[in-house]
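Please work from the sequences and hints to get the whole structure.
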Amino acid sequence: MLSRSRGAMLALVGALVLVSRGSAGAQAADLYDPNRNILTVSGTGEVRVVPNEAVVRLGVETRAPRAAEAIQENNRLMTQVVAAIRKADVPERNIQTATFNVSRQLEPEPENPRRTRAVYVVTNVVTVRLEDVTRVGTVLDAATEAGANTVYGLDFVSAREIEARQEALREAVSDARRKADIIANAARIEITGVESIVESSPPVGIPRPFGVAAAERIQTPISPGENVIQASVQVRYRIRTRD
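Okay, so the sequence shown: first residue is 35 according to this note's numbering, each after it adds one.
Keep in mind that the hints were calculated from the coordinates and are not lab data.
You can take every hint at face value.
Label-pair ranges, simulated between beta-carbon atoms: (1) 193 with 78: 20 to 30 Å; (2) 259 with 98: 34 to 44 Å; (3) 76 with 165: 35 to 45 Å; (4) 200 with 107: 42 to 52 Å; (5) 80 with 168: 17 to 27 Å; (6) 145 with 113: 31 to 41 Å; (7) 133 with 110: 10 to 20 Å; (8) 276 with 197: 36 to 46 Å; (9) 259 with 152: 39 to 49 Å.
Glycine included, each C-beta is placed from N, C-alpha and C at the ideal position.
Below, the structure is given as structure tokens:
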């Protein structure tokens with residue numbers, strides 16, 4: 035049985051320590067165990083990596099009263115855009131169509147805004163993978179000058195992301211154990227094992243979103259910086275009172 039002083043100390047760390055006892059009927063069902071106590075602790079880990087690739091999503095949007103006209107103009111501009119990207123030393127295998135869409139929309143008439151007219155909007159988006167992150171600005175400039183009027187996003191990625199995520203997970207587990215040891219020493223309890231571990235980590239990469247207007251303001255210097263790989267775990271430790 036825990037003494038009153040130990041029970042008070044456990045209450046002070048209630049945000050991190052969830053103790054399941056036979057008399058604690060209000061505890062959550064997944065934390066309740068009549069045979070042993072549970073200490074629940076979260077841990078985080080973080081690893082920084084330098085990106086070695088960039089992924090750009092850009093495209094062309096055209097509008098016309100007829101679908102055929104919008105498609106024809108879109109094809110003309112996209113042909114110029116792809117040619118400009120290829121001319122910027124991007125191999126054909128790294129250029130892939132991501133989206134092609136034709137939609138009918140209503141917009142106000144220029145002469146009479148109270149009335150609407152139907153227009154067809156054609157959107158063609160390609161994904162461009164750059165193996166040299168220093169050429170991102172050059173490729174974006176070339177594409178927008180050739181006719182690209184939509185830039186949907188820019189991601190910097192690293193070939194070390196899988197390795198870095200594993201390292202971040204190890205750090206997260208170690209961080210949880212350090213916290214658990216501090217709490218256990220303060221509460222004068224003993225950790226006897228691990229009941230469960232739940233991992234929850236955010237997505238990898240640095241997304242850089244751009245809109246249509248932003249595409250017109252892009253400047254050549256773009257710094258990839260570092261990618262921060264994060265990992266989080268929640269560990270439930272089995273505990274007992276010290277003899």
